Structure formats: structure tokens, C-alpha cells
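In UniProt numbering, the protein residues as written are 1 to 406.
Hint data in this document are derived by calculation from the structure and do not stem from the laboratory. Where hints are given, some of them may not hold.
Only pairs whose alpha carbons sit at most 25 Å apart, straight line, appear in this in silico DMTMM-like list of lysine to aspartate or glutamate [what the hints assert, rightly or not]:
1) 352 x 249
2) 77 x 51
3) 269 x 124
4) 77 x 125
5) 352 x 369
6) 269 x 125
7) 352 x 124
8) 269 x 51
9) 77 x 62
10) 77 x 247
11) 269 x 307
12) 405 x 382
13) 352 x 307
14) 77 x 57
15) 405 x 369
16) 269 x 369
17) 352 x 318
18) 77 x 318
Pair by pair, the computed Cβ-Cβ distance ranges are [as the list claims (entries may be wrong)]:
19) 390 x 80: 49 to 55 Å
20) 212 x 377: 52 to 58 Å
21) 114 x 336: 29 to 35 Å
22) 59 x 162: 28 to 34 Å
Values in this document were obtained by computation on a predicted structure and should not be read as measured data. Beta carbons: idealized from backbone N, C-alpha and C, even for Gly.
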Amino acid sequence: GGSGDVGGGEEKVDLSQSCSVLAAAMLFLVLSAALWTTVSGQTIYAELLRENSPFADAPSVDRYLSSLAKLNEIQSKILGVRPTSRDEMPFEDKPARPDLLPYMFEGDILLTENQLQTIIRNAEDQLWTKGETPRRRRSMTSSLYARWNTLPIPYYINTRSGVEEAAVLAGIARWEADTCITFTRQYSLPSRNGIEFFLGSGCYSMIGRVGSSSQQVSIGYGCTSLGTVTHEIGHALGFYHEQARYDRDSYVTIVSQNIQNGYLNQFTKQARSNMEDYGVGYDPGSVMHYDQFSFSQNGGQSIRTLDTNYQQTIGQREAPSFMDVKRINAAYCNYTCSSRLPCLYGGYTDPKNCAVCRCPTGFGGTFCERAATNPAACGSGDRMAGASLQSISVSNAVTCSYVIKV
Numbered sequence: 001g002g003s004g005d006v007g008g009g010e011e012k013v014d015l016s017q018s019c020s021v022l023a024a025a026m027l028f029l030v031l032s033a034a035l036w037t038t039v040s041g042q043t044i045y046a047e048l049l050r051e052n053s054p055f056a057d058a059p060s061v062d063r064y065l066s067s068l069a070k071l072n073e074i075q076s077k078i079l080g081v082r083p084t085s086r087d088e089m090p091f092e093d094k095p096a097r098p099d100l101l102p103y104m105f106e107g108d109i110l111l112t113e114n115q116l117q118t119i120i121r122n123a124e125d126q127l128w129t130k131g132e133t134p135r136r137r138r139s140m141t142s143s144l145y146a147r148w149n150t151l152p153i154p155y156y157i158n159t160r161s162g163v164e165e166a167a168v169l170a171g172i173a174r175w176e177a178d179t180c181i182t183f184t185r186q187y188s189l190p191s192r193n194g195i196e197f198f199l200g201s202g203c204y205s206m207i208g209r210v211g212s213s214s215q216q217v218s219i220g221y222g223c224t225s226l227g228t229v230t231h232e233i234g235h236a237l238g239f240y241h242e243q244a245r246y247d248r249d250s251y252v253t254i255v256s257q258n259i260q261n262g263y264l265n266q267f268t269k270q271a272r273s274n275m276e277d278y279g280v281g282y283d284p285g286s287v288m289h290y291d292q293f294s295f296s297q298n299g300g301q302s303i304r305t306l307d308t309n310y311q312q313t314i315g316q317r318e319a320p321s322f323m324d325v326k327r328i329n330a331a332y333c334n335y336t337c338s339s340r341l342p343c344l345y346g347g348y349t350d351p352k353n354c355a356v357c358r359c360p361t362g363f364g365g366t367f368c369e370r371a372a373t374n375p376a377a378c379g380s381g382d383r384m385a386g387a388s389l390q391s392i393s394v395s396n397a398v399t400c401s402y403v404i405k406v
């Protein structure tokens, strides 16, 4: 590994760095050989080398696992904890949760080699800014995800694998109902871009449109709730996890001492240049957010919200949030309407009805200018605050929305 310091016509080589890289590579070769002899190792290789997998052979799986181990070492240094040695890396035969797989990035993301290497370079840059390594900061130009450039998106439900067809259809229907995105069902594997839903060992997906052939989304046992299926489809549409955002440190704290050994790579923060947010802020209520105990080793919180009011909000798996849908609509549907309406309170022009705004929960009207329509028991939803104290009383068990203006 050259240091890049050139002078007097001679290149100076950092032998200590080269030896370190070589030793790490040799160590992983020993680890991968040992891993293959275990039940958990055979399970991992079988899962990653299944039919239509993006991995060509066992050596490509070795490189992938080695890169995850390297990312874990870098992330340990970023968070200031002891790096987990490669022989301590966790590879359970039966992970505790189907959406937190140790051999997936962030528990449920299957990255291409290029995507994973880009994330590693980003992590190295974060480490550099802490002064932990003497390397020169690189500019990040690679795109970590690709939008689907043609709609509808072809998909194939591999019922022969045992995947729950109704769960897949419900997840697709939810994204179609809320966005301009459309899907078209195929009854054989798409020969070009498309998605294959199958029953794998857990819940996982690739990020965005990958390559020119079909890609897989696993909806395994324990993965069939609407929130989980829409979560995995969200990855296929281009979403990373919300807590991986470049600005997460303004909203959450990663509690490294509560995270299991070898899992710190699951809390990698993305670079701003590689993560388009489309002007939509951080969303603790996102269906793409980890819950507060993800990868916890002791039952303690692995993620703490800086605003404690949101501690119980993170990790919901009911359905995509308003802001999840807004971000996808901004990415895919920005040109559906010829003009944009002057929407209030975070609303936006509805791509499925360009004459009105899509409003956050609690707001209504053409431009989100008033409270949403309430049941009669709620009374008026639009109130004015005055000099004296006012109260709102509702006798029936109903959901009411109020906009109180000053």
C-alpha cells in the first residue's frame, strides 16, 4: 500500500500499513475456512449463494464477509470502543430476529461489492476527521443507490419458495396507494430489471435498482407484517435506514457499550454526498428507523433519542410514515404535476391529485390550512388562543384534530 507521498522520483511505501492489511487478509482466510465448517457458517453460505443470488461463488461471499468485518473495525474506532477481533465476529445459526441478521449490512440490507466498498471509504473518511488515521480525505462521488427509471416495476412472487403471497401484495398495494409508483406482476422471473420476492432466511433486500437483471427481496418467517414488507420494499426503492442519515447525531445517540460485539458496523453513518434526503427532515417515526434495542447485548438501549418524547416512537413497523411517503414521492413523482401548490405545515402537492395538497396527519383543506375533518363530537378543529385559559372537552372515544392559532 503506497502512502501517496512522492518525491525525488521515488515512491515511499508505508510497509507497516501493507503488513497490517496483509495480516488482516490472512486472518480472514483462516476465519472463513473455519466458518465454513460450522453449522452457522454453512447456513450463511447457503443463504448467500442461493439461486439468483448476486454472489457468484464462495470467494465472493468471503470478500463480502471480510468487508463487513473491516467496517466493524472502523466503526469501533469511530465510536471509541475496543474493536472486535475477526474471530469474535458473530455468525449465529438462528439470529434472535429475522430483520437483524449479522451477515447483512444494518441487519437486513444486502449490498453489492461496489456499494459496500463505498461505505467503507466513507467510514474511513469519518475516522480521518477524528484524527485516528493519517490518510488523505477522499471526495465521495459514487451513488449508493439507484432509482428505478422506468415504471411500472416488474415483480415476481416466487410462491414455490413458500413466501406469503398476500403479505407481498399488501406491501406493494400500500406503496402504490400512497405514491405514484406502480408495479406490474410477472409470473416468471423478470429477465431485466425487476424484483423477486421469495422466502429466505429472514427479511432483507438490496438497495435501489441494482444492475440490469432481477434482484431479490426476502420475506421470511416473521417478516410478513405490513410494516416489515413495506420496509423491505422501501430498501428496494432506494431507502437506507433512517438512523444511518448523515445528520442523525442531531437527533439520536448510538449507545456503543450496549451493542453486541461485532455489530457496530450495523450503525454506520452515511455521507451527506451519498444520501439524498429531498429536503425531508429526520423522522423518528419512519418505518425505516431501527428500534431502541436493535442489536442490544444486555437489554439496554442501543439508540437514544435526544428528545425523549420520541424514544418510544423509533422502530415502528405499522406502515410508512407521512415523511417516508413524502420522500419517495419527491424522489419518483416530482414531475407528475405541472405546478406545485403553496402547501402549508409540511404538506406537498399530491402526485395522485394535483389539485390538492397531501397533508400531515391532523391537517386538512386544499392547502393544509385548517384542521382535518373531525367527528361531530370533537367540535370545531380550528381554534384561536386568547388571553384567558380555554379548555377542550370531548366525551366520546373519538380521534380529534385541532389547530390552535395565536
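Hints, verified against the model:
1. 352 x 249: violated (35 Å)
2. 77 x 51: Distance ~37 Å between residue 77 and residue 51 Cα, so the pair is violated.
3. 269 x 124: Holds, at roughly 11 Å.
4. 77 x 125: holds (12 Å)
5. 352 x 369: It holds: about 20 Å lies between the C-alpha atoms, which stays within 25 Å.
6. 269 x 125: holds (11 Å)
7. 352 x 124: violated (42 Å)
8. 269 x 51: violated (31 Å)
9. 77 x 62: holds (23 Å)
10. 77 x 247: holds (19 Å)
11. 269 x 307: Holds, at roughly 20 Å.
12. 405 x 382: holds (8 Å)
13. 352 x 307: violated (34 Å)
14. 77 x 57: violated (31 Å)
15. 405 x 369: holds (11 Å)
16. 269 x 369: Violated - the C-alpha atoms of residue 369 and residue 269 are around 36 Å apart, more than 25 Å.
17. 352 x 318: With Cα atoms ~23 Å apart, residue 352 and residue 318 stay inside 25 Å; holds.
18. 77 x 318: violated (35 Å)
19. 390 x 80: 49 to 55 Å: Holds, since residue 390 and residue 80 (Cβ atoms, about 51 Å apart) stay within the stated range.
20. 212 x 377: 52 to 58 Å: holds (56 Å)
21. 114 x 336: 29 to 35 Å: holds (31 Å)
22. 59 x 162: 28 to 34 Å: Hint holds: Cβ distance 30 Å, inside 28 to 34 Å.
When the structure is compared with the earlier hints, violations turn up for hints 1, 2, 7, 8, 13, 14, 16, 18 and for no others.
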